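Colleague: Please take these sequences and the hints and turn them into a complete structure.
These protein sequences, in sequence, are chains X and C. Its first residue numbered 1, the first sequence is counted upward by one per residue in the working numbering. Its first residue numbered 1, the second sequence is counted upward by one per residue in the working numbering.
Any given hint could turn out to be false.
[Stated by the list, open to error] Under the rule of at most 20 angstroms between Cα atoms (straight-line distance), these lysine to any residue pairs were calculated in the SDA-like manner:
| no. | chain 1 | residue 1 | chain 2 | residue 2 |
| --- | --- | --- | --- | --- |
| 1 | X | 46 | C | 215 |
| 2 | X | 91 | C | 215 |
| 3 | C | 60 | X | 20 |
| 4 | C | 72 | X | 23 |
| 5 | C | 32 | X | 175 |
| 6 | X | 89 | C | 253 |
| 7 | X | 46 | C | 65 |
| 8 | X | 91 | C | 201 |
| 9 | C | 41 | C | 29 |
| 10 | X | 46 | C | 29 |
| 11 | C | 41 | X | 170 |
| 12 | X | 27 | C | 18 |
| 13 | C | 41 | X | 146 |
| 14 | X | 89 | C | 231 |
| 15 | C | 32 | X | 163 |
| 16 | C | 60 | X | 91 |
| 17 | C | 238 | C | 219 |
| 18 | X | 89 | C | 229 |
| 19 | X | 6 | X | 20 |
| 20 | X | 89 | C | 215 |
| 21 | C | 60 | X | 49 |
| 22 | X | 27 | C | 3 |
| 23 | C | 41 | X | 144 |
| 24 | C | 72 | C | 61 |
For the record, the hints were derived by calculation from the structure and aren't laboratory data. Only a predicted model underlies this, so the values are computations on that prediction, with no experimental measurement involved.
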Amino acid sequence: MTTAAKDAELLARIADGDHEAFTEVMKAHEDRVFSVCLRIMGDRDKALDTTQETFLTAFRKAHQFEGKSTFGTWVYRIAVNTCYDQIRKQKRRATEPMPDYFDPADASAQEAVESAGIRPELQEALSSLPPEFRSAIVLSDIEGMSLPDAAETLGVPVGTMKSRVFRGRRLLAQHLGNQNAT
Amino acid sequence: MRKHEIELITALAEGTLDDETRARALIDSSSKAQAEYEAQKTALAALAEVQPAVMSEIEKATLHRDTWTALKAQPVAAKKTSPWYYRWSYAAAGLFVVVGLLAFLNTNGSSSDSAALSEQLGAPQTAADTEETVVVDDADKGAEAPAIAEDGATVDDAGSEAPIIGFFNGEASKLRDGQFRSAAATEGDEQQSVLEDQAECLIRADLEGYEAVGEVSFADAADYGLDPDTAYLLAVPKDEQLDEDTPVAFVEAATCALVHTDE
Numbered sequence: 001m002t003t004a005a006k007d008a009e010l011l012a013r014i015a016d017g018d019h020e021a022f023t024e025v026m027k028a029h030e031d032r033v034f035s036v037c038l039r040i041m042g043d044r045d046k047a048l049d050t051t052q053e054t055f056l057t058a059f060r061k062a063h064q065f066e067g068k069s070t071f072g073t074w075v076y077r078i079a080v081n082t083c084y085d086q087i088r089k090q091k092r093r094a095t096e097p098m099p100d101y102f103d104p105a106d107a108s109a110q111e112a113v114e115s116a117g118i119r120p121e122l123q124e125a126l127s128s129l130p131p132e133f134r135s136a137i138v139l140s141d142i143e144g145m146s147l148p149d150a151a152e153t154l155g156v157p158v159g160t161m162k163s164r165v166f167r168g169r170r171l172l173a174q175h176l177g178n179q180n181a182t
Numbered sequence: 001m002r003k004h005e006i007e008l009i010t011a012l013a014e015g016t017l018d019d020e021t022r023a024r025a026l027i028d029s030s031s032k033a034q035a036e037y038e039a040q041k042t043a044l045a046a047l048a049e050v051q052p053a054v055m056s057e058i059e060k061a062t063l064h065r066d067t068w069t070a071l072k073a074q075p076v077a078a079k080k081t082s083p084w085y086y087r088w089s090y091a092a093a094g095l096f097v098v099v100g101l102l103a104f105l106n107t108n109g110s111s112s113d114s115a116a117l118s119e120q121l122g123a124p125q126t127a128a129d130t131e132e133t134v135v136v137d138d139a140d141k142g143a144e145a146p147a148i149a150e151d152g153a154t155v156d157d158a159g160s161e162a163p164i165i166g167f168f169n170g171e172a173s174k175l176r177d178g179q180f181r182s183a184a185a186t187e188g189d190e191q192q193s194v195l196e197d198q199a200e201c202l203i204r205a206d207l208e209g210y211e212a213v214g215e216v217s218f219a220d221a222a223d224y225g226l227d228p229d230t231a232y233l234l235a236v237p238k239d240e241q242l243d244e245d246t247p248v249a250f251v252e253a254a255t256c257a258l259v260h261t262d263e
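Modeller: Below, the structure is given as structure tokens:
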């Protein structure tokens with residue numbers, strides 16, 4: 001059985017209420033979905049919420065999955081789009097407080113920084129990028145996806161993906177340079 | 001900077017070139033190329049430090065529990081399948097009606113009328129053959145989800161996105177026909193300046209050389225599980241006379257993502 005066919009079968013079993021199939025799909029993809037969401041959202045709690053939202057959307061839209069691409073590609077794309085959606089909603093709201101780990105006086109902040117696996121200034125620089133550049137950098141440079149896979153995940157041509165990665169890195173470097181200068 | 005120069009600088013920064021001679025010559029010959037190379041190196045070095053993000057076992061357990069609970073509360077829509085003969089039943093019914101009518105008309109000696117009638121009947125029959133009901137179960141989750149094509153295609157490739165594509169095509173036609181009434185036209189200079197501010201957004205959407213001429217929202221978006229608040233910029237090539245061949249691009253205003261081009 002091909003991977004796509006197996007994925008489709010698992011989704012059908014989930015639709016029938018099979019908890020074992022649900023756990024299998026979650027375990028196979030949750031770490032990477034969470035990682036993508038964390039790097040795009042820049043906040044652990046939001047990343048966890050977005051991860052849950054991603055899987056719920058995927059399972060509820062399972063009837064649209066016909067196995068032409070891998071479930072992984074499909075679910076990562078849902079993850080990126082769910083993150084975009086959350087970012088857009090955030091923009092509509094009033095300014096939000098900075099995540100706790102930006103507060104050095106907070107005892108739990110240091111723990112959060114360590115568990116985040118990324119320097120706060122780098123996360124800040126990443127968060128300053130426009131969403132489409134941020135997701136390109138996250139998939140390509142942090143998650144290590146190949147350009148064609150990342151392009152398929154984002155639903156853009158490979159040329160566009162290359163351009164976004166190049167320009168995203170340039171903006172990131174500028175932001176980091178500005179931070180160092182100040 | 002040209003495309004091949006960008007690729008050369010990127011490959012040099014990533015260290016994937018077998019022969020670096022050309023790339024080195026490029027960055028030695030141009031300060032701009034040198035600056036681009038340095039920026040790529042800086043970003044890559046910073047990103048290389050990033051550790052893999054992992055969830056704790058407690059977080060995973062919570063995620064599983066909450067996701068499963070939510071799914072149980074609102075069950076997954078099962079893939080709609082029907083027996084094979086259902087698919088053919090429409091065709092058979094259509095064929096039966098056509099044959100019956102043709103036989104009736106032939107009996108009355110009106111062959112030209114029957115040909116015309118069979119032509120007319122062709123359209124509904126085809127529609128019945130191909131029409132497919134899709135179960136949409138969620139009005140609450142994932143405004144982006146309907147934009148997700150299973151094969152990773154863009155919004156305009158997804159068959160399920162026909163309503164919004166129809167909306168885009170309609171707006172593009174209005175624009176070309178000069179009937180378009182954008183917010184810019186109705187709200188004066190202030191809104192116009194907002195549209196001018198969208199130049200950077202269009203660049204991010206890889207639409208250099210385009211200008212935003214209006215902003216629209218899909219009023220019926222909610223009916224298709226889309227976010228009705230999503231605004232789309234209409235962009236056309238700068239300094240170009242609008243005619244039926246003018247490409248009209250639709251860019252999501254919040255994310256600056258190109259979602260559709262009507263050509």
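Colleague: Please go over all the hints and tell whether each is borne out by the structure.
Modeller: Consistency of the hints with the structure:
Pair hint residue 46(X) plus residue 215(C) does not hold up; C-alpha atoms about 30 angstroms apart against a cutoff of 20 angstroms. Restraint check: the Cα-Cα separation between residue 91(X) and residue 215(C) comes to about 18 angstroms, which is no more than 20 angstroms; the hinted pair holds. A distance of roughly 15 angstroms separates the Cα atoms of residue 60(C) and residue 20(X); the hinted pair therefore holds under the 20 angstroms criterion. Restraint check for residue 72(C) and residue 23(X): satisfied, since their Cα atoms lie roughly 14 angstroms apart, inside the 20 angstroms limit.
Taking the CA atoms of residue 32(C) and residue 175(X), the gap is about 18 angstroms. The hint holds against a cut of 20 angstroms. Under the criterion of a C-alpha separation no larger than 20 angstroms, the hint pairing residue 89(X) with residue 253(C) is consistent with the structure, at around 13 angstroms. With a C-alpha separation of about 17 angstroms, the suggested pairing of residue 46(X) with residue 65(C) holds against the 20 angstroms cut-off. This hinted pair checks out: residue 91(X) and residue 201(C) have alpha carbons roughly 15 angstroms apart, not beyond 20 angstroms.
At roughly 18 angstroms between alpha-carbon atoms, residue 41(C) and residue 29(C) fall within 20 angstroms of each other, so this suggested pair holds. The hinted pair formed by residue 46(X) and residue 29(C) fails the criterion: a straight-line CA distance of about 46 angstroms is larger than 20 angstroms. About 9 angstroms separates the Cα atoms of residue 41(C) and residue 170(X), which keeps this hinted pair within 20 angstroms; it holds. For the hint pairing residue 27(X) with residue 18(C), the CA-to-CA distance comes to about 39 angstroms; that exceeds 20 angstroms, so the pair is violated.
Under the criterion of a C-alpha separation no larger than 20 angstroms, the hint pairing residue 41(C) with residue 146(X) is consistent with the structure, at around 19 angstroms. A threshold of 20 angstroms between alpha carbons decides the hint, and for residue 89(X) with residue 231(C) the separation of about 13 angstroms falls inside it, so the pair holds. Among the hinted pairs, residue 32(C) with residue 163(X) is consistent with the structure: their alpha-carbon atoms are about 17 angstroms apart, no more than 20 angstroms. Pair hint residue 60(C) plus residue 91(X) does not hold up; C-alpha atoms about 28 angstroms apart against a cutoff of 20 angstroms.
This hinted pair does not check out: residue 238(C) and residue 219(C) have alpha carbons roughly 28 angstroms apart, beyond 20 angstroms. A distance of roughly 10 angstroms separates the Cα atoms of residue 89(X) and residue 229(C); the hinted pair therefore holds under the 20 angstroms criterion. Straight-line distance between C-alpha atoms of residue 6(X) and residue 20(X) comes to about 14 angstroms, which keeps the hinted pair within the 20 angstroms bound. With a CA separation close to 19 angstroms, the supplied pair residue 89(X) and residue 215(C) stays within the 20 angstroms bound.
Taking the CA atoms of residue 60(C) and residue 49(X), the gap is about 12 angstroms. The hint holds against a cut of 20 angstroms. Straight-line distance between C-alpha atoms of residue 27(X) and residue 3(C) comes to about 40 angstroms, which puts the hinted pair past the 20 angstroms bound. Of the supplied pair hints, the one linking residue 41(C) and residue 144(X) holds, its CA atoms being roughly 16 angstroms apart against a limit of 20 angstroms. With a CA separation close to 16 angstroms, the supplied pair residue 72(C) and residue 61(C) stays within the 20 angstroms bound.
Violated hints for the displayed structure, listed by number in ascending order: 1, 10, 12, 16, 17, 22.
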